[in-house]
Amino acid sequence: MKRIGVFTSGGDAPGMNACIRAVVRGAVYHGIEVFGIRRGYSGMIAGDVYKMESHSVSNIVQRGGTILKSARSKEFMTPEGRKKAYDQLMAHGIEGMVAIGGNGTFTGAMIFGNEYGIPTVGAPGTIDNDLYGTDYTIGFDTAVNTALDAIDRIRDTASSHDRIFFIEVMGRDSGYIAVQSGIAGGAELVMVPEVLTPLSEVVETLKQGWSRSKSSSIIVVAEGDEAGSAVEVAEKIKSQVDENADIRVTTLGHTQRGGSPSAYDRILASRLGLGALEGLLGGQKNVMAGIINNELVYTPFEDTIRLPKPISEDLLRMVKILSV
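In my numbering, the protein residues as written are 1 to 324.
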């Protein structure tokens, strides 16, 4: 293999640039030509491809977002769109790819690889930490710390005004950000998609706190919780508690995606980027590079996409015990 492509796709995550840097610098080290594909599969179809050198990735390890841009492509979901992408790759002589992204990115890469035989190795870039085959994904640690910073600030004003705050964090299908930021931020309760949390339990938790003279509370809600958004949960709870309770809602939203990556995310992204590249050069295909128990592993896309990644029961138990 003499020429490869690298692209980012789906939601951006802090550390993606560090991962791109590792792929490019690793390719240069191994004497391989590397081409950046802008805007993911959309750019692949459009032929938005350019050659990258070592200097192309200078001064980006500390930057959030992705210099290669990202996009979601409906056209790539069609056979016609994938044929256009294949033709563009062939026109540029690209023999293999490193895909940095999440579930949707790897689904597209797996289908594309099965149809056209172009080997792809993925690096898990998503703040949700919801991919089977790695302990942590690129961007998760930074997102947790971003959420935690907000929770700490809101805790100050909640305490000052004797308020109950419902704080919504990202996690449509995964409660990892909610659980870890909730534990670190001393939340009284965490609501996640993986576990049913009856509203009666939320009410009981608040009432128990009041019985112990607790004047303020923080409840962290993952956006995908079965009870609804933080706004919806707060409205439902408000009708079941003291009408004088001062209940407020904060939705953190896309602030969790941006910002400079943490040291942990920079190192993780670098390991995974280099691991994906060297796996590709070593004959791996249709797999994701991951770190499990501090060891580099490769997991088939099919398993990464299909298998669930449950939240540790110990972490969920910890939230309940420490809120007493």
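Please note that a few of the clues may not be correct.
To be verified - Restricting the straight-line Cα-Cα distance to at most 30 Å, the calculated cross-link-like pairs of lysine-lysine (DSSO-like) are: (1) 2 x 51; (2) 309 x 69; (3) 320 x 69; (4) 214 x 309; (5) 2 x 69; (6) 69 x 83; (7) 320 x 285; (8) 214 x 83.
Hints were generated in silico from the structure; no laboratory data involved.
Tested hints:
no. : hint      : verdict
1   : 2 x 51    : holds, 13 Å
2   : 309 x 69  : holds, 28 Å
3   : 320 x 69  : violated, 40 Å
4   : 214 x 309 : violated, 35 Å
5   : 2 x 69    : holds, 24 Å
6   : 69 x 83   : holds, 22 Å
7   : 320 x 285 : violated, 43 Å
8   : 214 x 83  : violated, 62 Å
Checked against the numbered hints given earlier, this structure breaks hints 3, 4, 7 and 8; the rest are met.
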